[in-house]
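Two chains, each in its own frame: build the complex with the hints.
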Amino acid sequence: GAGVSQSPRYKVAKRGQDVALRCDPISGHVSLFWYQQALGQGPEFLTYFQNEAQLDKSGLPSDRFFAERPEGSVSTLKIQRTQQEDSAVYLCASSRRDRGYEQYFGPGTRLTVT
Amino acid sequence: SQKIEQNSEALNIQEGKTATLTCNYTNYSPAYLQWYRQDPGRGPVFLLLIRENEKEKRKERLKVTFDTTLKQSLFHITASQPADSATYLCALDVTQAGTALIFGKGTTLSVSS
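Sequence lines, in order, name chains Z and H.
So for the first sequence, my numbering puts the first residue at 1; every next one is plus one.
So for the second sequence, my numbering puts the first residue at 115; every next one is plus one.
Chain H extracted, bound-state conformation (with noise of 0.2 angstroms):
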């Protein structure tokens, strides 16, 4: 069955610095993969959308890599804020459901003043 880790559960650095989470999936070759933010109480957030033809995709502060051979996508935060502290999840499209996302359990990110 399809598979997705995230590399940590809990990633903590200090502001300034950059962040780097990782999703790894095994058992599948998903159309596009998905980075969502979730803090505390609330839903998640759509932040990238990378597809499987895209090797990368920036959005202000925000880098997603995706490497289909490694199965694998990295997203970076740079310039690191306490604003940033939240839970990030990748989703990947699951082609044969038809439209489903399957998420990640999540790495709870911390960044210290």
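One chain only, chain Z, in its complex shape (with noise of 0.2 angstroms):
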């Protein structure tokens, strides 16, 4: 079946500009997770969401990021007045359940901020 999709697979903002990154994930999976990924690091959580609930956004980094799932399926990560700090792949992941199962990962979203 289908993966986790991700759009746009590359965005390119003038530093200021706010930016939207949407996520599919696999259809059916009740939990979904948005990490970040600086070049050479492993993913850094953000945010999760259980159904169009959002449990923990403890990972956001500031109040300029802002993410939801309005019907329980695909997710919207939304940044705010852009920062050169923020050019990283924007990775989202979906699970069946929560706790002890593995995630699947889309393409990933690269954010490039000028």
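Worth flagging that the hints you see were computed from the coordinates, not collected in a lab.
Watch out, some of these pointers could steer you wrong.
[Stated by the list, open to error] With a straight-line cut-off of 25 angstroms between C-alpha atoms, the simulated BS3-like cross-links for lysine-lysine are:
#1 Lys-57(Z) / Lys-219(H)
#2 Lys-173(H) / Lys-131(H)
#3 Lys-131(H) / Lys-117(H)
#4 Lys-173(H) / Lys-57(Z)
#5 Lys-78(Z) / Lys-14(Z)
#6 Lys-219(H) / Lys-173(H)
Being a predicted model, the structure only gives us computed values, none of them experimental.
Quick look at the structure:
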């Protein structure tokens, strides 16, 4: 079946612009995660949804970052007033359940802030 | 704070040998530990999950061990092939956060023929 998809795959934004990154999880997966991956580093947790409820947003680096999953399927990560330090790959993952299950990752969105 | 160390940034081995990657962690007792493979430009791909009450798990040429006393996991690839060349990430299940996975930086494995 189809895996996790993300769009756009690449995004270039000027500093100060707002961006929206989309994630389509695997159909039926309850859990959805967003991660940020800097070059040469492992993914860093940003936020977690169980269906439409955002249960953990402890990893969001500032109040410029906002995520939603209004109908419990597609999710959007929004970054307002982008800064150069926001440049990274943003990964989305979904899972059948919450703890103890493997996560299926999308290909990521590479964000470059100039 | 939680810290995860993967033994080295890069590991080079010859085809046919066994690759052993190490993941050490501090300040936490994870209920689960997972290993992922990541190729350039792609998202991580799940390989194996091992629970705290399991000492070893195998899948084809892969083997993972989990020693909660040493706070260490070893990941082995036997009869390695050039196609095994990739970055391998270990990840801990962080119960306090609910479901967040904390990833190490990864070890980049290169298998030469």
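Margin query: To test your reading of the hints: which numbers does this structure violate?
Written below: 3, 4
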